[in-house]
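Given chain A, put chain B in place with the hints provided.
These protein sequence lines map, in sequence, to chains A and B.
Each residue of the first sequence is one higher than the one before, counting from 1 in the UniProt record's numbering.
Each residue of the second sequence is one higher than the one before, counting from 1 in the UniProt record's numbering.
Treat each hint with caution, since some may be false.
Copies of one chain are not kept apart here, so a pair can be met inside one copy or by any two copies together.
Said to hold, decoys possible - With a cut-off of at most 27 Å between alpha-carbon atoms, the simulated DSS-like pairs for lysine-lysine come out as follows: (1) K14 with K349; (2) K205 with K626; (3) K57 with K770; (4) K339 with K768; (5) K331 with K756; (6) K57 with K694; (7) K348 with K753; (8) K50 with K114.
I should point out that these hints are in silico values taken from the structure, not numbers from a laboratory.
2 protein chains.
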Amino acid sequence: MVLIREEFEARLLKAGLEMERDTEVRVFGPSFTRLHVPWPVLSREAEFLKIKVPTNKSYGLKEEHGFSASLSEFWRKVNQPFQPNIPQLGHSTTKQLSHCFSREKLHLFNITSKDTFFDNATRSRIVYEILRRTACTRTSQSMGITTLIAKGVYDSAFPLHDGDYTAVGHSERNDRQLLHDEWARYGAFYKYQPVDLIRKYFGEKIGLYFAWLGVYTQLLIPASLVGIIVFCYGCYTVDTNVPSLEMCDKQQNFTMCPLCDGVCDYWHLSTACGTARASHLFDNPATIFFAIFMSLWVATFLEHWKRRQISLNHSWNLTGLEEEEEHPRPKYETILLQKRQRMRRKEKKKKKKKIEPVQREEDVAAGKDRWRQRLLSAMNTGTSGVEKLTWRDRLPGYLINISSILFMFGVTFSAVFGVIVYRIVVSAVMAMSPDPEIKSNVRVTVTATAVIINLVVILILDEIYGAVAVWLTELEIPRTESNFEEHLILKSFLLKFMNAYAPIFYVAFFKGRFAGRPGDYVYVFNNYRMEECAPGGCLIELCIQLSIIMVGKQLIQNNVFEIVIQFGFVSLFVASFPLAPLFALLNNVIEIRLDAKKFVTELRRPDAVQAKDIGIWFNILSGMGKFSVIINAFVISFTSDFIPRLVYQYMYSQTGTMHGFIDHTLSHFNVSNFRPGKAPTSSLLAEITVCRYKDYREPPWSAEAYQFSKTYWAILAARLAFVILFQNLVMFLSLLVSWLIPDVPKNISEQLKREKTLLVDVFLREEKEKFHLLQSLFSSKDQPSQGHPDTDTAHVRTLPPGPSQGLGQHPGGEGGESRARCRAASFSQFTRQMSMSPSNDAGQQMSMSPSNDTARHTAV
Amino acid sequence: MVLIREEFEARLLKAGLEMERDTEVRVFGPSFTRLHVPWPVLSREAEFLKIKVPTNKSYGLKEEHGFSASLSEFWRKVNQPFQPNIPQLGHSTTKQLSHCFSREKLHLFNITSKDTFFDNATRSRIVYEILRRTACTRTSQSMGITTLIAKGVYDSAFPLHDGDYTAVGHSERNDRQLLHDEWARYGAFYKYQPVDLIRKYFGEKIGLYFAWLGVYTQLLIPASLVGIIVFCYGCYTVDTNVPSLEMCDKQQNFTMCPLCDGVCDYWHLSTACGTARASHLFDNPATIFFAIFMSLWVATFLEHWKRRQISLNHSWNLTGLEEEEEHPRPKYETILLQKRQRMRRKEKKKKKKKIEPVQREEDVAAGKDRWRQRLLSAMNTGTSGVEKLTWRDRLPGYLINISSILFMFGVTFSAVFGVIVYRIVVSAVMAMSPDPEIKSNVRVTVTATAVIINLVVILILDEIYGAVAVWLTELEIPRTESNFEEHLILKSFLLKFMNAYAPIFYVAFFKGRFAGRPGDYVYVFNNYRMEECAPGGCLIELCIQLSIIMVGKQLIQNNVFEIVIQFGFVSLFVASFPLAPLFALLNNVIEIRLDAKKFVTELRRPDAVQAKDIGIWFNILSGMGKFSVIINAFVISFTSDFIPRLVYQYMYSQTGTMHGFIDHTLSHFNVSNFRPGKAPTSSLLAEITVCRYKDYREPPWSAEAYQFSKTYWAILAARLAFVILFQNLVMFLSLLVSWLIPDVPKNISEQLKREKTLLVDVFLREEKEKFHLLQSLFSSKDQPSQGHPDTDTAHVRTLPPGPSQGLGQHPGGEGGESRARCRAASFSQFTRQMSMSPSNDAGQQMSMSPSNDTARHTAV
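Chain A extracted, bound-state conformation (with noise of 0.2 Å):
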């Protein structure tokens, strides 16, 4: 391990790093070496990676006039408040051109200081760069720091912080200290966020995750209201509802047949008065104008986060921003070697047997040029041959997916179901009870127990679908980190979307669907009767889940997740529960001040990672507001009464209004035709002949008893119309909006327009400048006489150079001196540090660094 240890540092000071080293021995207990990066180093590699740099070169933004310009002025001052206190945020009115950086064109760049002109991020971003690139021989693996880790060589290697985070007396707050005081923690939860600070100190990364639950706030903030709105539309209009006034009305007194057999006795409808009325806050025409305005609000807000992204990409110079190459995963290195190892063993012994029939003598003559041969064949399997796992490798870690996927949906399945159960046998049981209190409450207690039931399975199930979401995804074997980043969060979505939803579908769905109708009842396990909906409809239970589950969650994880998972809750039921893009924003807010604290405060600086967009999740986000259209238009046409009330307002209704809609939806049921045994024991209503169910069924007195009759297939044939109209109204509807607004916002794809020209502009000047230096010369001089070595290097190996001081200053010879310059005067002049710690061999396993770094270095 030392050995190792020192050969990768020795490698690491050959590509131009320096290293710092604890000064004092330690025998136990982690031991740190910090790295710094000089600025040839910085510049060199820069140059590679192709840093975008601010240019000097600078251009006016375009002025507003007129009334657009005290418009934006307003709203400037308006925002005040809302803004953080970072200081260079200010309001500029020019940009500067930026362009790689090349040191061959230094003069072109704003290099006011060394130190600072890459910034913390890009800083550690270069080294991280050149510690994963340097190959290290001892390890027989390809390379880098990351396989070191893995191997146990070294325990970690993290960018440190700025400083400590609460600043002391009077002096410049850094970066740290600014982001703890104007954006970790909660008294500035109504601010914007510092996203360019953000950016600055924690990488593209982890700016635009802070940037995306920012736009998503936002964002939530109409929606909420709306929302409200909408619910107090429900809450003004409860008591001019007919239906519900129907429902509530003692004097129609409609005879219902019995909750469950023997037992339950005869009931009138205008007991279940209170679940209708509720019913109606949440099920009103108002809700289907709800789910299209969500709907719309999907595409909008995934539309204003691909332009914000973009506007992004553009203040942080990552247009054009290409691909990196990335380095395979340790794992997938080692599972690689052992193959071609396995492949090489197999191949000897192939080669072995073919040669033993043949003449042993030749044997002894071969042998060394065998050797030889043995030798080639195994580099070139090294370097060829196998390449890269295939599916073969893979297939085990496939199926070993598959079927536990599939088992775990089988969990999930299995658990709703044994809510199910619960609440069948419950309900049966709490019925049988002689105690009138207790059969008064059943429909309450058994909802609330059943529901914190699945909330508890729903939690659980959760953490351990993680678990076993990264353990599936390790035994896939991807070959980057990108790579396995992405299955996890696809899978772990696959596994907590379905754990989360399955009961919500089930309720919203299913509940009450399969329950049969009176004399014809279905059962389970012989016994217990299949639950039913509600009287008031399956949508207020559908609702009262869906917000136990969603702030039950909320309260109690708190993720990128659920971040995601509770997008879902605002958009794909959100027909059933306005109210829910409210409890997502106040989760949002608390989350956001949440999460930077931990960032700023408790972790370990993470490394600055680059990142154009949001990879999966843009994915994932725009796949569940398709899905949300079709479950919204399925919610309002099936769960909700709102097609059944205008079929009957429009094609039976006599007045054209909804009096008689109650009646109308109840079917007849004749008592004599209970199976034996199924009717209600003791009546207190022992004159009762029909009663009602709720169902469009042929009445006793037909020829067609019990079927469904011509109102059903009507209703049914309306709700499905519905289905068709409302998606594809709202798909048409969600394409307009993402092409009415442009993904590249005007005043970037304007910036960018004259970016370009105004870079042409510069280098053609600069061209000219040449050309006339050129020109100059030609005239004083007959020869050409301008230095242009790569066109033969190894001839001019063998010249001796010229002499120094005209050459010094000649036209047309370019990047050496300043280079040379920069080197005397400044090697390791600016430096950026890294910790690394290797790992005692013997000691701990995991190192704590300081996060504060207290030996900021200038050396030389």
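Frame of chain A, contents of chain B only:
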């Protein structure tokens, strides 16, 4: 004009172009100016435009091993006869690295001959770029040849063809001859297209167009095959199909209600046996399968095209190409100029007004000052005030646009309605005719003539709409040429699509649905009954309509649009006409060669335009693909009899077979319920009391006689459920297809990564060499000795140049000498010709260039 020409040409000379004028001076007729571009200009522009060129580093493509290698070898052999016979187009195992051209790194590139290093298309693109960029102060508008052409200063500017297209003697064929022999003739219809050569000769945009056509045509082959199989299945099963057998069965003898009032008699269903059998050919279960197949085909096609596009982008070195800032169209500039002048005049007036009421005496004194002020303000408006046209300037254009488009929609619908009226009236008149022969052919005659009238109307309106779309787009004053193109394409597509499909939509979804029922028919013009579908269903009529319009359009029109509209035929209504892909395939095979002939032999060589993708076409195609899903869902569920048959078989049939289906679809009508005068006046079947008609209504003896029956609602619900199921299933499968097929082909993404690594490697090595040189210099000398003029250009100019001999070979000085050497030796040796004909001010407007350029220049 002559002055403008002189100035412009002087500026071109200054930009480095060379010019060759017609030697004879002609007074009448066009005269030509040929432009040549020498190597220094070419290389300079190539650097600015960041044109990627092959370097001299190449790498081996991954060789396949074992089974896959022999498979690909076999595939290559099978494909051999289909490959065009193009010299360089071999199977190569290496690929050259590409990098943006840079004059400072000439040694990196594979410059075997400066004459051919940049290909034809690139050279003409560079010349065109210079022409567009060169400003001309005499025309007050900003710049470019486009403006000059628009103003009539020049007639035209275009690149020349390579020479005659018929090869003479045994000399090596030039590109044009190769294209002509191997591509632009019908004899080569079965061959692949030499896409690389097309791109080399015509530029990327046209290359992409033909590549697209090729991919489309290729993928039509499997679609046609499946279509033929589906059709054959229909033919094969027609004799065993129960519904059509029942309809032809004379024993069942259904007496149908008359087809028109009064003069028509009752008729027997068995007389419609022919159409029933024909219907089955297109309306059978295989159609459902075919509709799903084609929807997935569309998704596959689009994905496949994306991949092909990326492959082409890669092999054409377009990856990473950013969009160029485009020059505004001349029309736009003119209007902008007018606006500026108007504004200036207004401003002047305003100032005058302001000044007038003030003391007049100050006027004279302030005169000089005011002049300056006015000048300043004018300059100001010129540069920043009125930068672009706002929506206000465009408002009239938009209004005219919207109203015209609405008007044309109206025209199309009236045309469709006119044909409907024609059909109704003619069939009514023919039915009244005493001649029995005429009577028996009513349906055939009317359908055939109506479709032909439709076709003629469509063709005429297409021409008109094409012209109108151009006019409307001009009114919108789009800023750039590509804006113009995009708007034009969108508009013409909208108009032509609607024009072609309006009658088809009518037949598919509306015909026969508003006809009413016996005793309560719907009448137009108080006298004529709305038309009904044939007894076999509307699908057969849809099929006839579709095939005649599709084939007719293809035979008469032949252009890009036809492709896309044809794509609609292939995707939108494919459920009703499985042979559509076959017709499209035949058409495309011909069209490719026809277009090729046009480009190679007839047209002036177009400017080589770079394009990365097919732009808005892709959006239109994918939009059409999405639309096709819902259309096909409706065609299957509502136009065909698929759902009623299914419902009958599983809900109503006693035996579980289709026997009795025809009886089930026919409702009963009591002839005594005919309104006065509507019953047949003289019937051969006098004893009839009940006649049958095709609908699901209650029988006369029911309480709700002639109301829609329960079956009607059940079937409607089934139809709608099918639409939802089909649409969502197909959308999901399409998503899955486009998710499973990665956008970037695997070998391309691997190559890209590999190239990137290699490039970094090359530059790193160069870097290291430079560093070693520097070090050896440092050790041999004490002073830094490299020139770096760019850091302080002003300073350099005053210094005497250094001694030349040593300098010429000095390491560290870059790019100068070889460039100078190039200049001295090859100045203008490498020329690219571009003809530009100054229009004779009095003479002809259009000039033809000799397509054979005889004078390839070799100046010094």
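Consistency of the hints with the structure:
1. K14 with K349: neither (42 Å within a copy, 74 Å between copies)
2. K205 with K626: Intra 26 Å, inter 34 Å, cutoff 27 Å: intra-copy only.
3. K57 with K770: within (19 Å within a copy, 29 Å between copies)
4. K339 with K768: neither (59 Å within a copy, 35 Å between copies)
5. K331 with K756: between (44 Å within a copy, 24 Å between copies)
6. K57 with K694: neither (76 Å within a copy, 79 Å between copies)
7. K348 with K753: Answer is neither: 62 Å inside a copy and 33 Å across each miss the 27 Å cutoff.
8. K50 with K114: within (18 Å within a copy, 30 Å between copies)
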